[in-house]
Amino acid sequence: MIMYKHIGLLCIFCLCAFWQNSHAQNNRVSEINVSRDSLKNIPDSLKIKKPKKPFKFTIDGVRAGFDIVYPIFDNFVFPNNPFNPNDPLTKTYRVKQRYEASIDVGFAQNRFFAVFDYGYSKIERYRLGLPFTGFSYKNIGSYLRIGVDYNFMHNNFKDEAMFVGFRYAQAGFRHDFQYFGASEAWGFRPPRLVTLPDTAIIVDDRFIGNISESGLSASWVELVLGLKVNVWKQFFMGYTARIMIRSGIKGEDRLLANELPGFGSTNRTARVFFNYYLAYRLAFKRKYK
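Residues -24 to -1, 1 to 265 (mature numbering (1 follows the signal peptide of the UniProt record, and there is no 0)) are what the sequence shown spells out, left to right.
Don't read these hints as lab results, they were simulated from the structure. These numbers come from a predicted model, not from an experiment.
In silico lysine-lysine, DSSO-like type, Cα no more than 30 Å apart, as pairs:
1. 226 to 114
2. 72 to 226
3. 72 to 114
4. 114 to 98
5. 226 to 98
Let the hints inform the model, and build the full structure from the sequences given.
In structure tokens form, the structure reads like this:
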């Protein structure tokens, strides 16, 4: 009997302890709910807000550079073709000279970059067939690109940039097309030496045609993305990949343009290209460490 009494007292004690613990937990939950409700009633002016980075319109630096893709491609990867008289008639020779410079201005704490590109292009294509026959095409002009880039790295790396942007480009150029040939059936013969009693002269009765047009222009838009990395002190390297879509060409009359300065071949209305730049940056806000 005594053992049963002790067991009963132990059960009663456990029930009392469980009830007391449950009651305490309910009180804590009620206090938490009350505290949350009270926080909701605090005026917004008294709440502690996380400070936001202010947007300031500041001009932070100017970066100037030049493209190295055009010189490398034109002189090493696809060098100018020397003429070989033994080549087949279908082979076309070319001479290319292309240069581009770029300037970007960082503003709003390097969140944005205003970009200005200027380039010069001189391209010649020619083909020689039978003796004293063939054609040549020459395209000379320049182009200007303007646009804005958004820098995704402005919070972490103020001087470097990973960006996406937009460009509008305008090109102006002139082109010339010359063709020449000889056909004895129609009375046109190759240049020849004719001996006269007192002297000798060269008679050239080839048919030669020339078409020249100037004041041509074209425009296109670009979606760009790229990277600019600080390599040493204030020197930078980086690339820009471009998706270019052009509109029509103004000024064409008798001759269709074969090239557009800054765009390339006109056989497509959309092209993909990239430039790789070496640049120097002049910072206005702080010095490089």
